[in-house]
Amino acid sequence: AQSVSQHNHHVILSEAASLELGCNYSYGGTVNLFWYVQYPGQHLQLLLKYFSGDPLVKGIKGFEAEFIKSKFSFNLRKPSVQWSDTAEYFCAVNASGGYNKLIFGAGTRLAVHP
Amino acid sequence: GAVVSQHPSRVICKSGTSVKIECRSLDFQATTMFWYRQFPKKSLMLMATSNEGSKATYEQGVEKDKFLINHASLTLSTLTVTSAHPEDSSFYICSAVKGQFDSYEQYFGPGTRLTVT
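First to last, the sequence lines map onto chains A and B. Numbering follows the working numbering, with no gaps: position 75 of the first sequence is 84. Numbering follows the working numbering, with no gaps: position 78 of the second sequence is 391.
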């Protein structure tokens, strides 16, 4: 069965610090990978996604993620966080051909202090 | 755009009653919708996949007689929690897939917080 693990449950940073959130998945076949963000009181929004091609994916709001197939990883990065990035971040995996079913990681709560 | 709404946003009901939650795609047609449950400080757990005009596909461990799903049109799916109990209290989130060409992207609703007393 597929699973997704996010290593950091709670991250606290100061503004302008760099961010990297880990995400590893377990599935041997071809996957599609996603990062979603949930701002306080709001619904889930897509940050970025990887289907194929360049393993370095750029998303909205300055976020990027790198797919490393050999490590089964899809880590999220941002060079300089802002207070407005305070949110919960979810990594998700969809097995290619898996009828769009998404498996989510447990989420990482990011708090950015001014 | 791709906007998904849920109604109600919050509901409190008594134990033993049934509650219906609606999920609507407001500006697109969704042949597939998903229902998730989110526990406090935990991730989203997929409950079922709802396909327009056919029976929902439930994940292992989800009671289909307790969580009734109906996807009667291309813009509406409903989740009915029957004979609700306090342990059903949770945050229920739906998502919708927009067409076949965007089929790997799900658009999420704002969620419905259910409290069973």
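One or more hints might be untrue.
As the list claims (entries may be wrong) - Away from chain A, derived, C-beta distances all over 10 Å, residues of chain B:
id	residue
1	Ile325
2	Ser331
3	Val375
4	Glu376
5	Leu381
6	Asp401
7	Ile406
8	Ser408
9	Glu418
10	Gln419
11	Gly422
12	Pro423
Stated by the list, open to error - BS3-like, lysine-lysine: derived pairs with alpha carbons at most 25 Å apart:
id	chain 1	residue 1	chain 2	residue 2
13	A	Lys58	B	Lys411
14	B	Lys327	B	Lys368
15	A	Lys58	B	Lys327
16	A	Lys58	B	Lys355
17	A	Lys70	B	Lys368
18	B	Lys411	A	Lys67
19	B	Lys355	B	Lys377
20	B	Lys354	B	Lys368
21	A	Lys78	A	Lys58
22	A	Lys58	A	Lys70
23	B	Lys333	A	Lys70
24	B	Lys333	B	Lys368
25	A	Lys78	A	Lys110
26	B	Lys368	A	Lys78
27	A	Lys110	A	Lys58
28	B	Lys327	A	Lys110
29	B	Lys379	A	Lys110
30	A	Lys58	B	Lys368
31	B	Lys355	B	Lys379
32	A	Lys58	A	Lys80
33	A	Lys110	B	Lys377
34	B	Lys379	A	Lys58
Derived from the structure by calculation, the hints contain no laboratory data. We treat Cβ as the ideally placed atom computed from N, Cα and C, and that holds for glycine.
Against the structure, the hints:
1. Chain A leaves isoleucine 325 of chain B outside its interface by the beta-carbon criterion, the shortest separation being 19 Å against a cut-off of 10 Å.
2. The beta carbon of serine 331 of chain B is kept farther than 10 Å from every beta carbon of chain A, the shortest such distance being approximately 25 Å.
3. At the 10 Å boundary, the C-beta of valine 375 of chain B stays outside the reach of chain A, the nearest C-beta of that chain being 13 Å off.
4. For glutamate 376 of chain B, the non-interface assignment is confirmed: its Cβ lies about 19 Å from the closest Cβ of chain A, beyond the 10 Å cut-off.
5. Interface exclusion of leucine 381 of chain B from chain A stands, the closest Cβ pair being 20 Å apart, more than 10 Å.
6. The claim that aspartate 401 of chain B lies off the interface holds: its Cβ sits roughly 20 Å from the closest Cβ of chain A, which is beyond the 10 Å cut-off.
7. Non-interface call for isoleucine 406 of chain B relative to chain A: violated, since the shortest CB-CB distance, roughly 7 Å, does not exceed 10 Å.
8. The Cβ of serine 408 of chain B sits about 8 Å from the closest Cβ of chain A, inside the 10 Å cut-off, so the non-interface label is violated.
9. The beta carbon of glutamate 418 of chain B is not kept farther than 10 Å from every beta carbon of chain A, the shortest such distance being approximately 6 Å.
10. Interface exclusion of glutamine 419 of chain B from chain A breaks down, the closest Cβ pair being 6 Å apart, not more than 10 Å.
11. Listed as a non-interface residue, glycine 422 of chain B fails to keep its Cβ farther than 10 Å from every Cβ of chain A; the least gap is roughly 6 Å.
12. The claim that proline 423 of chain B is not at the interface with chain A is violated, since a C-beta of that chain comes within 10 Å of its own (minimum 4 Å).
13. The suggested pairing of lysine 58 of chain A with lysine 411 of chain B holds, with an alpha-carbon distance near 16 Å, which does not exceed 25 Å.
14. Of the pairs offered as hints, the one joining lysine 327 of chain B and lysine 368 of chain B is violated, with about 28 Å between alpha carbons and a cut-off of 25 Å exceeded.
15. Between lysine 58 of chain A and lysine 327 of chain B, the direct Cα distance comes to roughly 41 Å. Violation of the 25 Å bound is thereby established for this hinted pair.
16. Between lysine 58 of chain A and lysine 355 of chain B, the direct Cα distance comes to roughly 22 Å. Compliance with the 25 Å bound is thereby established for this hinted pair.
17. Taking the CA atoms of lysine 70 of chain A and lysine 368 of chain B, the gap is about 39 Å. The hint is violated against a cut of 25 Å.
18. Distance check on the hinted pair: lysine 411 of chain B and lysine 67 of chain A sit about 22 Å apart at the alpha-carbon level, within 25 Å; holds.
19. For a cut-off of 25 Å, the pair hint linking lysine 355 of chain B to lysine 377 of chain B stands: about 22 Å separates their Cα positions.
20. Distance restraint check for lysine 354 of chain B and lysine 368 of chain B: the Cα-Cα separation of roughly 31 Å exceeds the 25 Å cut-off, and the hinted pair is therefore not satisfied.
21. Between lysine 78 of chain A and lysine 58 of chain A the CA atoms are separated by roughly 15 Å; this keeps the pair inside 25 Å, and the hint holds.
22. A distance of roughly 14 Å separates the Cα atoms of lysine 58 of chain A and lysine 70 of chain A; the hinted pair therefore holds under the 25 Å criterion.
23. As the CA atoms of lysine 333 of chain B and lysine 70 of chain A are separated by approximately 36 Å, the hinted pair breaks the 25 Å bound.
24. For the hint pairing lysine 333 of chain B with lysine 368 of chain B, the CA-to-CA distance comes to about 17 Å; that is within 25 Å, so the pair holds.
25. Only pairs whose Cα atoms come within 25 Å are accepted, and lysine 78 of chain A paired with lysine 110 of chain A is accepted, the gap being roughly 20 Å.
26. The hinted pair formed by lysine 368 of chain B and lysine 78 of chain A fails the criterion: a straight-line CA distance of about 36 Å is larger than 25 Å.
27. With a C-alpha separation of about 15 Å, the suggested pairing of lysine 110 of chain A with lysine 58 of chain A holds against the 25 Å cut-off.
28. Between lysine 327 of chain B and lysine 110 of chain A, the direct Cα distance comes to roughly 32 Å. Violation of the 25 Å bound is thereby established for this hinted pair.
29. Note on lysine 379 of chain B and lysine 110 of chain A: the hinted pairing holds, with a Cα-Cα distance of about 21 Å set against a maximum of 25 Å.
30. Distance hint between lysine 58 of chain A and lysine 368 of chain B is unfulfilled; the C-alpha atoms sit about 29 Å from each other, more than 25 Å.
31. At roughly 22 Å between alpha-carbon atoms, lysine 355 of chain B and lysine 379 of chain B fall within 25 Å of each other, so this suggested pair holds.
32. For the hint pairing lysine 58 of chain A with lysine 80 of chain A, the CA-to-CA distance comes to about 18 Å; that is within 25 Å, so the pair holds.
33. Between lysine 110 of chain A and lysine 377 of chain B, the direct Cα distance comes to roughly 18 Å. Compliance with the 25 Å bound is thereby established for this hinted pair.
34. Distance restraint check for lysine 379 of chain B and lysine 58 of chain A: the Cα-Cα separation of roughly 34 Å exceeds the 25 Å cut-off, and the hinted pair is therefore not satisfied.
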